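Sequences are here, hints too, so could you generate the full structure?
So the sequence lines, in the order shown, correspond to chains D and R.
Positions 491 to 805 (my numbering) are the ones given, in order, by the first sequence.
Positions 3 to 279 (my numbering) are the ones given, in order, by the second sequence.
Just so you know, these hints were derived from the structure itself, not from any lab.
Every value quoted in this text rests on a predicted model; they were computed, and no experiment measured them.
Just to be clear, a hint being listed does not mean it is correct.
As the list claims (entries may be wrong) - Each computed DSBU-like pair below joins lysine-lysine, with the alpha-carbon atoms no more than 35 Å apart:
#1 R/K226 <-> D/K718
#2 D/K597 <-> D/K533
#3 D/K597 <-> R/K226
#4 D/K597 <-> D/K718
#5 R/K158 <-> D/K533
#6 D/K597 <-> D/K630
#7 R/K226 <-> D/K533
#8 D/K630 <-> R/K226
#9 D/K533 <-> D/K718
#10 D/K630 <-> D/K533
#11 D/K630 <-> D/K718
#12 R/K158 <-> R/K226
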Amino acid sequence: MSSSTNNTSLSVLQASPALIDSMIAAASQVRFQGTRRFESHWKVGTTRYDLEYRERVSADGQGQFTVEPLDLIAPDVSTGQEDLFLLLSRAREGFNWRYRDFRIHHKPTFLRNYEVVDSGAIVQRLGYDCASLRVQRRSKAQVVYLLEVELGTGVVLSCRTETPDGALLELAEYESFELAPDLSQVAWHQPAVDEIDLVDPSNPTEIGGGAHQPRFVDGAFVQLAAQKITSTAAQTPNQFARYVYTDGLEVVFFLYGGALAPQSAGAQRVDDVVQVPPSVGPWQLVVATIHGERLIGMGRLNHEDLLDLVASALY
Amino acid sequence: MDPERCTCESLRAEVLRTAILHSELPLPGVPGEREALSAPGREHLDACATCALWRRARLRHVAALTTLERFGAPRELEALVVASFSSDSRRERAISALTRLGRLTTPAELDDAMLDGPALEGSASESREVTETRAARRAPRVLLRLVAEEIADPAKARARRFVGSLPRLRAVPELDQLVERELARPTRTHSRGVRAAVYASLAAAVLAAVVGPLAVSLLGVSPKRYPFRVEHVRVNAASEFDAGVFDAGMFDPAKLDPSARELLDGLGGGILGVHRI
Chain D
491 MSSSTNNTSL SVLQASPALI DSMIAAASQV RFQGTRRFES HWKVGTTRYD LEYRERVSAD
551 GQGQFTVEPL DLIAPDVSTG QEDLFLLLSR AREGFNWRYR DFRIHHKPTF LRNYEVVDSG
611 AIVQRLGYDC ASLRVQRRSK AQVVYLLEVE LGTGVVLSCR TETPDGALLE LAEYESFELA
671 PDLSQVAWHQ PAVDEIDLVD PSNPTEIGGG AHQPRFVDGA FVQLAAQKIT STAAQTPNQF
731 ARYVYTDGLE VVFFLYGGAL APQSAGAQRV DDVVQVPPSV GPWQLVVATI HGERLIGMGR
791 LNHEDLLDLV ASALY
Chain R
3 MDPERCTCES LRAEVLRTAI LHSELPLPGV PGEREALSAP GREHLDACAT CALWRRARLR
63 HVAALTTLER FGAPRELEAL VVASFSSDSR RERAISALTR LGRLTTPAEL DDAMLDGPAL
123 EGSASESREV TETRAARRAP RVLLRLVAEE IADPAKARAR RFVGSLPRLR AVPELDQLVE
183 RELARPTRTH SRGVRAAVYA SLAAAVLAAV VGPLAVSLLG VSPKRYPFRV EHVRVNAASE
243 FDAGVFDAGM FDPAKLDPSA RELLDGLGGG ILGVHRI
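Structure follows, in C-alpha cells:
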C-alpha cells in the first residue's frame, strides 16, 4: 500500500480532545493581536448582500478583548458613511466576539451535537502550524465550518463558513498575527450599558412580567445568557428579555417583549399569529404575536424547528 | 471367484475394482496390496506374467489419478446457484424461454370464423357488414386525441389525472342550514338566480376552508399544524406586512421588526445596515 493511500485511509479523524480544549480556552487564556479580514455574503430572497472589512482583534489572555474595525472594503461607500459604519461596528464588538465569531460555547453539548473532523494535514498560515478542521452539526446542518486552528494555542486563524453545498457565507481570516505582543495601548471592551443580566431568567421582572422560554428536547440546547436589552428603535415595547441558547456552537435567540401596548379602538386586532419572513442569509426568523405578547425567535435552524420552539414556549 | 474360471479378463476386472474401491491401498509391490485380491486372483497373478505387468501399470495409473490436486468450485458458483433460485432470476429465465418460443400465426380460417367472411380486407367479395364491423373495431378518434395530448404535455396530463383521482369532498351539513336560513329572510326575493348565487358563495367559502390546508401542504409552505396561525409574509416597499403567498424576491429586510433587524445586522457584522447608511 502506497504512502498516499495510507494518508487517505487516515484522513477521517476526529479532532483530538486536547485541540478542542485549547480552542475553548484560547478566548480567555491566549494573549495575542492580529488584523483580520471579515467577509459576509448573504442572500435575502433574490437580493445579494456583500460586506467586507478589516478589523484588529486583541486579547490579553485574561478575558479582556477588543474587536476594532479598521476599514471598510466593500461595499463602496463615501468616507462619511464608512466612518459611521466603523463606529457602529465598534459598538458591536462584544456581540461580534461572543456570537458572530466562531466560538465553542458549551463543550458537552458541542461534542454531542457536532462532528469535528481533522484532515490530518498541517497547514501553514502566517508562519504558524495549523490543524485543518471541518465542523458540522451531526443532523440538520445549516452551515459547515472549515477552520485552520493554530496548534500551539488553539486560536482560529481562519474560519470559513459555508452552506452544506459549498456556497461561501462568511470568512474570517487573519492577515497578521502575533502572540504575546505589547498591548499597553489597547482600549479594552466595556459591557454595553443597555444590556443587563436578568436576575431570574424564568421571571424577568426587569421587563415587567414572566417570560416564556422554549423547551428543548433531550438537552439539545442549553441557555447561554439571559439579559434585558433596550432597543434604540422607536417601537413598543422597546425593552426585551433576550435569551440566548446554544447547541454548543450555534446560537438561537429569543426576544421576549412582554405585553404589547393596548391597541387603539377600531384597529384590527392581530393575535395568535406567527409571521415567518424569508431567511436572511443563513438565519431563519419568526415573529410571534400571541395572547397579546410578542416573541421573536432567530437561529440557523430550518423554520419548522423554529416554529416548534415558539410553540413549546407559548403553549 | 471360481478358481477354475479366473481368466486374465476377470483378474484385470478385479484389480481395477479393488483399486477404485480401495484407493487408499498402497502401490503394487508394497506389502498388503496383494492381500486385497481374492485367492484365485493371486494364483492367476503368479502364473500370468502379462497380467502381472498390466496390473502394476494400472495401479500406478490409479494412484496418479487419485493423488491429483482437487480443485474447488469457484466462490462465485455458490452465489450464482443461490441467485438462480431467486424469484427475479426465475422470472428472467421464464421470460427468456417464452420469447424464444416460436410464434404461431393464426390460421386464415379463424379470421373467417370471426368475421363471417373472407379474411382479406378490402377484397371485392368482402361484405358490407364485414367492412362496417372492421371499422367499428378501430380505435375511436377521441383516443387518438387523448394520446396526442399526453405526448404533447405529459406533465399536464399527469396532473389532470392526479386531480381527477382526488377524493371528492362532501359539503358539510351546516351548509344546507346556512342556505335555508339565508333564504328564509322575509325581505329577500327568492329567485332562482339568487338561490344559485347564495349556494355558490357559501359553497366556495366552505370549500376554501376545507381545501385550503390541502393546498398549503401541496405548496410546501407549512405542512405542520400549530396552535397558532402561521403566515409566510411578503413585504414590499409600499405596504406593511401582509399575509400572502411566499415571494422571497420582493422581501426587504428594512421592514423587519426593528429588534430583529438589529440582531440580524449584528450577526452579519453589519451587513444589512451598511447598505442603508
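Structure-based check of each hint:
Distance check on the hinted pair: R/K226 and D/K718 sit about 33 Å apart at the alpha-carbon level, within 35 Å; holds. Straight-line distance between C-alpha atoms of D/K597 and D/K533 comes to about 31 Å, which keeps the hinted pair within the 35 Å bound. A hinted pair counts as satisfied when its Cα atoms are at most 35 Å apart, and D/K597 with R/K226 qualifies at roughly 33 Å. Proposed proximity of D/K597 and D/K718 is supported: the alpha carbons are some 26 Å apart, at most 35 Å.
At most 35 Å may separate the alpha-carbon atoms for a hinted pair to count; R/K158 and D/K533 meet this at roughly 33 Å. Under the criterion of a C-alpha separation no larger than 35 Å, the hint pairing D/K597 with D/K630 is consistent with the structure, at around 19 Å. Between the alpha carbons of R/K226 and D/K533 the distance comes to roughly 26 Å, so the proposed pair stays at or under 35 Å and holds. The suggested pairing of D/K630 with R/K226 holds, with an alpha-carbon distance near 18 Å, which does not exceed 35 Å.
Restraint check for D/K533 and D/K718: the C-alpha separation of about 30 Å stays at or below 35 Å, so the hint holds. Annotation: proposed proximity of D/K630 to D/K533 holds, straight-line Cα distance about 20 Å (limit 35 Å). Using a Cα cut-off of 35 Å, the hinted pair D/K630 and D/K718 holds, with the two alpha carbons roughly 31 Å apart. Note on R/K158 and R/K226: the hinted pairing holds, with a Cα-Cα distance of about 28 Å set against a maximum of 35 Å.
The structure is consistent with each of the numbered hints, conforming to all of them.
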